[in-house]
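*Asks:* Here are the chains, one letter per residue:
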Amino acid sequence: MTANETRTPLASTLLILGRVALAAIFLFAAYAKLKPQASMPWSGSSIKTSLSLFAMQVDSYQLLPPQLVSPAAHFLPPLELFLGLWLLSGVLLRYAALITTLLLGAFFGVMVRTYTAGLEINCGCFGPGERLGPLTLLRDGSLLALALAVTIGAFLRGRRSRVESAAVAGVSAPQRAD
Amino acid sequence: MTLAQEAKLSSRINRPFVRRTTSSTASRAPWAVAILAAFAILAPASNAQTAATPASAKTAAPAHKHAAADPALSAPVKTIGNHSAPITMEVFSDYQCPSCGNFYEITLRAMIQDYVASGKVYLVHHDFPLQMHNYSGQAARWANAAAMIGQFQDVDAALFDNQAKWTADGDLEKYVAGAISPANFKRVQAILKGCTGPAPTSKVDRSLPQGEAGCPVDPYIIQDIVLGTQVPVQATPTFVIRYKGQSYPASSGFITWPILKQFFDTLLSQ
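Top to bottom, those sequences are chains A and B. Letter 89 of the first sequence, counting from 1, is numbered 88 in numbering that gives the first Met the number 0, and no numbers are missing. Letter 96 of the second sequence, counting from 1, is numbered 95 in numbering that gives the first Met the number 0, and no numbers are missing.
Bound-form chain A, shown alone (with noise of 0.2 angstroms):
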């Protein structure tokens, strides 16, 4: 066995790994978000309620108009779950990590620029009372450099599998023609 068929199936592996870590992390994130508070049991009404008080969260970056706060805060949780379960899925995988990346990237730049400004709020990441500081910074960075390193995998996969489909169809043509 050559090193590169080696390389070839643990590569996979970490990116399984990679995408199922970052699949997880998103729908606990929005589960978080979504879950009733102060022992309400889950219906329409106490998702409303954890939304709202996500919003507030959302607000305390002080980054969004008033009137935008509300739709954003109810936009992302909805979001998270989709992308959980796309990056679970497997499916489009290049899409799906590069829209992942870019959302991680957008969060870690929005608290760097808080954490930078002295703002002292909650992160709202996983739900309320966790506190923005340098380990929450720590923590998103780290995921950031998974969903990257995610999305290279993914699509240096696909370009592989291209490569080998040429190939394969380069070798089957001249036998069709025999």
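Do not rely on the hints blindly, as some may be mistaken.
[Unchecked claim] So, partial list: chain B residues that the calculated Cβ filter (under 7 angstroms) puts toward chain A:
1. Ser180
2. Pro181
3. Thr195
4. Pro197
5. Leu207
6. Ser251
7. Gly252
8. Thr255
9. Pro257
10. Ile258
11. Gln261
12. Thr265
13. Gln269
Since the hints were made in silico from the structure, they are not lab data. For every residue, glycine included, the Cβ atom is placed at its ideal position computed from N, Cα and C.
Please build the complex by placing chain B on the supplied structure of chain A, with the hints as guidance.
*Replies:* Just chain B, lined up with the frame of chain A:
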């Protein structure tokens, strides 16, 4: 383990990776499998969060548990609005912190005029003077002394309205005197007669702050700081909202009135 540590631990997210069996064919799994797997991942997370709920519920700050420091003086009433309002909002604030000033001027003032006046919200002020601010402890003393004679709301407003001015020179007295009648100001001065030393402030290491023995308001400030440490207050302003006996997780920082109002409306529509 203290309540503060317990609450802090329970609020931490400790699920960096979820074990799941995968195969090389997983990348082509149909959506149905993906959704089932998602539920498998969410189930343990749900349990973890449920376990964390009692700890955060335990930190709910009681609004009216003031131990009397001096039987001759009544406990300071640092509340605005009707006690039987459906929503209670407890704010931990530092009179010298700029975010607290903005929060008061832009958000709380509008809230007091609207939802507190209409009996929807009961506002409870808690002092959480930070060690890094020179005059915030002293400002808290003035506010508490005014609260002992029922003049809290006016002095509270005056301290925030003139925050930039007294922060520069520490001359708080002038603004308190301007907010209440001369007779009431004399009463407030009399209460603070024994308060000549440094005022209590929250400590970075979260140790118990020391008050001055002869100062009747210091025990109330210390009591608020202890209460805040249990929430836990990590920055000011921090506020806890309670509705129908349930406490919602503490929020920190400046929040605009339209967004806070939206949260209240969501609660009231339940």
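*Asks:* Does the closest beta carbon of chain A sit nearer than 7 angstroms to the beta carbon of B/Ile258?
*Replies:* holds, 4 angstroms
*Asks:* Holds or violated: is there a CB of chain A closer than 7 angstroms to the CB of B/Pro257?
*Replies:* Holds: closest Cβ of chain A sits about 4 angstroms from B/Pro257, inside 7 angstroms.
*Asks:* Closer than 7 angstroms between Cβ atoms is the bar; does B/Leu207 clear it against chain A? Give me holds or violated.
*Replies:* violated, 22 angstroms
*Asks:* Less than 7 angstroms between beta-carbons is the criterion; does B/Gly252 satisfy it with respect to chain A?
*Replies:* holds, 4 angstroms
*Asks:* Given B/Ser180 as an interface hint, is the shortest Cβ-Cβ distance to chain A below 7 angstroms?
*Replies:* violated, 37 angstroms
*Asks:* With chain A as the partner, please determine if B/Thr265 meets the hint condition of a C-beta pair closer than 7 angstroms.
*Replies:* holds, 4 angstroms
*Asks:* So, as I understand it, the hint says B/Pro181 touches chain A; can you test that by seeing if any CB pair is closer than 7 angstroms?
*Replies:* violated, 39 angstroms
*Asks:* Any CB of chain A closer than 7 angstroms to the CB of B/Gln269?
*Replies:* holds, 5 angstroms
*Asks:* Given B/Thr255 as an interface hint, is the shortest Cβ-Cβ distance to chain A below 7 angstroms?
*Replies:* Since the shortest Cβ distance to chain A is 5 angstroms, the answer is holds.
*Asks:* If you take the shortest Cβ to Cβ gap from B/Thr195 to chain A, is it below 7 angstroms?
*Replies:* Given a least distance of 32 angstroms, the restraint on B/Thr195 is violated.
*Asks:* If you take the shortest Cβ to Cβ gap from B/Gln261 to chain A, is it below 7 angstroms?
*Replies:* holds, 6 angstroms
*Asks:* The hint names B/Pro197 as touching chain A; please verify it with the least Cβ-Cβ distance against 7 angstroms.
*Replies:* Because about 24 angstroms separates B/Pro197 from the closest Cβ in chain A, which is outside the 7 angstroms limit, the hint is violated.
The structure is inconsistent with the numbered hints 1, 2, 3, 4, 5, although it conforms to all the rest.
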